[in-house]
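Take the two lone chains and join them into the complex the hints point to.
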Amino acid sequence: MSEERNIPIKLPVLARVEGEGSLELDIRDGRIEHLKLHIFEPPRMFEKFLEGREYTEVPDMVARICGICPVAYQMSAVHAIEGVFGIDPGPWVRTMRRLLYCGEWLQSHALHIHMLAAPDFLGFASVTEMARKYPDEVRRGLGLQGLGNDIIHLLGARSVHPVGVCVGGFHHAPGRVQAEELLNKLRAALSDAGELVRWTAGFDLPQVEQVFTTVALRHENEYPMNEGRIVSSAGLDIAVDEYETHFAEHQEPHSTALHSLLEGEPYLVGPLARLNLNLDRLPHAVRTVLEETGIRFPSHNMYHSVVARAVEILLAVHEAIAILESYEETTTPAVEVHTKAGTGYGCTEAPRGILWHRYDLDSKGLVTAARIVPPTSQNQARIEEDLRLSLQAFGLDRDNDTLRQRGEMAIRNYDPCISCATHFLDLRVRRT
Amino acid sequence: MADKPKIAVHKFASCDGCQLAFLGMGEDLLTLSELVDIVHFVEAGPVATDAEVDIAFVEGSISAPDDLERIRAIREHSHYLITIGACATSGGLQALRNFADADEWVTSIYAKPDYIRSLSTSTPIAAHVKVDLELWGCPVDRRQVLAAIRDLLSGVAPAFEQDKVCLECKREQAVCVMVTRGLPCLGPVTRTGCGALCPRFGRDCYACFGPGENANTESLSRRFEGLGLMPDAIARRFHFINSGAPPFTEAGQGKDK
Ligand code: SF4
Ligand code: SF4
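If you read the sequences in order, they're chains A and B.
Quick note: the first sequence uses this note's numbering, first residue 12, plus one each step.
Quick note: the second sequence uses this note's numbering, first residue 10, plus one each step.
In case anyone wonders, no lab produced these hints; they're calculated from the structure.
Using C-beta positions, here's what the derived DEER-type ranges look like: (1) 62(A) x 135(B): 21 to 31 Å; (2) 14(B) x 140(A): 13 to 23 Å; (3) 78(B) x 298(A): 47 to 57 Å.
Computed far set for chain B versus chain A, every beta-carbon distance over 10 Å: (4) 14; (5) 89; (6) 176; (7) 223.
Built from N, CA and C at the ideal position, the CB exists for glycine as well.
For reference, chain B alone in the conformation it holds in the complex (with noise of 0.2 Å):
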């Protein structure tokens, strides 16, 4: 009982869905609070911020002053820390401040603006403390996580999803949503996980998983200009989910203008 090893989920700025990998898994949940124990985990009751862990899993982006000191403490008292998520891994949606003057906004939108105590960007974890294991997406799949509690506590190294959402898709046997309907789809420079969800129901992919290795993302614009999309679009097309990843960050503004 006493050596069970120790997990713990911490969240910074989110949606909080990343976190339902854990809430959503149903029954699973039962047996893996069987397996480990969960001592941290606000949304769902235990609190202990400082505990030390085996595996730390952290939802969420730097966004506030405040964040950086609890993200070391949480580095120091971990045996192991994962990302999980877009937020995570590379800022997030909110990222996007990043490219704006974030301190502007915080003017407009709110009258009384010194209330507000916030940072102008929105970070990665990765950023500011070392992070053994990113698992990326928006959100995280339970499978991704499940698979990694599984690795890491049998002391197997995580395998690490390389391929494009493209690969998934011939894989699927699903139909290119870009060669037969001309629809402007990253799937060629994001990484799989998600099992290719948008070109099977039809749609363009978004990239909520993130670049994939070695993504050309400058001969995906050229075809996208060819389908007719302007600069500014195709630069909201890399500046979306992980505006933060720098092949994303790169490609969004060598089209903006």
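Excised from the complex, chain A in its bound form (with noise of 0.2 Å):
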């Protein structure tokens, strides 16, 4: 790309995204020649700050990665350290984690639907713009989004960066009083979540089908949550400890995320890949609701995504309402930790997709090394294939904006947390 007529473009930062980067294509002869995502929020390097650490202090450590999804990384993390000191917290922590996660699904996924993703279906710049318009459905999707920030603080005290977990358990167990309020308003979500399911369904979407491989825990009985086996569309069947010998990490040259790559390869994580993965643990009710919106899964159209996080949106407020309907106080909500030196690991399905730890740990239960893998950095290939295929099947000869607009489109729709994967997006354009 040395000698010709260069004409370099530079397009705006890309917005509606959690986190920032930039997108550079260099289009030659009408075909994409090289394609960028560049990833550069500055590096918070927080594997190293873990080092030294006591395993209590790791839960409201890791939480800081990401203010949009802190829980994935307090439950990840408990769960490794956990299996490092053989600790079983039992049924009813289980369970209570299990309620937290429907509250980080809920708030995720309501903002991502709602501020990132349907202004782009529905042709507007923003949720404020797109509030004039359909003023009634941005109402409903915030106050899912708010009904996910109160199952947070009811375990957590806060919805960021919540102050209720522990190794072991949890500080704190809520009262039968707040349960019960907190119950009858999730009741009351149901229809709007069944609605919202409808109205996501009936969004103009691209119909583009592409090859790709989908990762996601798969538990015996249930969707998958906290708990799993990680398992892949292409027959990938491991445990959570054997996840360092299929996937890999690497550096590219253009990105401070790291890439993550499947036996070499490209993949999907996140509410696709594990609907996909997971239809036969939908609830029968939620299942009823999906198949009459006539869409089919596993579905390959990635813009399926927003459909599959409205989908999972239903199932918390399910969860929700099935857990808090058979809830009971305890006086011990966390049980007795006695610290052991080891290894162990985690692997949690945070709301874009599989969130893995590991912790090796000193009989002190100091931290002595830390590694964690985010979603975004394992769908950083996945995008960046996804935006090769999509641009070039729309017509690069359309103008930089148009180009714009739709790669945008194409990222926000996996829902990159560009904060997690610990670093920002404008668009350059080169063609010769």
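So, in structure tokens, the structure goes:
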């Protein structure tokens, strides 16, 4: 790309993603020669400052990796650490962790659908603009987001960086009355969640199919959140601690985020991957609503991610209701912890896909090494592949602004959380 | 219409959690967007990096070479500049690198460290430009942000929280976790604003709202020793979310071997 008439065109920062980044395209003779999704948020080096910390400090620390999905970080961490100590916190804690995860999926998915994705599909620049035309839908979405925050509040005192989680369980068990109040709100929102699924299924989504491998957790009998084996649409089926033998991260010069590959190939994690791989784990009522939309899953249209997200919102509302209907208070919200040296692994389903952690602890429970693989770095190679395919199919002769919009839409669809990749977007096109 | 106050929200190194004070406000966000013009807020949609605004909210710390230029430009284009959260106000959790050889960290994390553009420190916004108001908290509470907007736009000097979490505990009638359970609570030296969330949940405060006025860290450290904490554990208590806030920087170093 040296000699000829390069026309570098700089396009603005990629809006409506969580975190920041930029996209660079080299178009030559009508084909994409290079495509680079830059993610250059400054690295925050969490894995390093976890070293030397006591296990008790880890949940409050890792929550700060991402303000949109702090629960996921806390959940992967506590599971990994409990694995080292050989602790099983029992059914009460297990159920409450699932409830907490319902809260995070609800708030994060509702935020993504309404503030980031729907404006794209309906042709608005932002949610506030969209709200003028779709006031009721926006209000419904903000209500569901708020409800997710309420669930996290119940167990964590606040929705961003909740303070209730500890290794072994929770610092505090919610009272009966609060649980009851929340249950009533959730029951009232059930029809809203169903309507949301129908609304997203009615969007005029681009009809494009791509071939990709999906990866998610799979549990014996539940829709996966905190537990399960790591499976793929290509037949992978491994335990969480075998992750490193199949998945590898590498660095690309254009990005501070690491790229993760499965056996050398890009793959998809997140709501579409989860739903495609776990259809048979949906509760009957949720499945019925999904079938009524007429969209067939497993789907290979990436844009069905927005529908998958809405389905998971409905699932979360159902599940949270079921949990709270049989809620019982306890005086022992956490089990006793005895430290032990060893290595532990945790993998849970963050809203954007599997979040994998590994900790090495010494006998006093101090961290000697940590490794954290967030969903965004797992999806990055897939996002680049998608961009290449979708822009090529869309037509590269279009003007830059149209290309940028299309590119943004494709990227936003992954809900990339660039702050978690511990890392910023503007678009540059060079045509030669 | 044309003279609605203009607001921008900018991000530097952070977890995005403080922006949720806006994105998580529910219907209030729609009301706010009627009252003010949100001209730049990348995560929510509008992008106008260099627009002149009445209030710029800044999240995140200065931790990469390009940040320096960007924060100066933001300052130049804003009437008021308000930091939101621990990252912007004290350097955040990532300021822990200030005590380490950050370059060595980069080399040990990244196989190709030369691809990484990063400063060896993470510093608060006020270390680089004039800041008009600092909102502490990791994350900031939505009420703090709304109150600041309301006060500034109606020409009132914003109230500034100075009490300690301890006092909030008393007002909330929470049982003291240090007295009753011997937990190493940082409430006595931490600025209130959270409503004493942790003690009310039966756990010790870890100072996510930063140091309160005249924080007596020395006496609290002695108390922690009395509770049986080893010096390195006490140092870690202070060098956590707000390690870059001077009282905590010093308290933590005093205990470092
Ligand atoms: S202050 Fe805390 S909540 Fe706010 S952006 Fe920084 S890490 Fe996130
Ligand atoms: S750590 Fe302290 S300041 Fe932060 S929420 Fe808990 S009690 Fe409040």
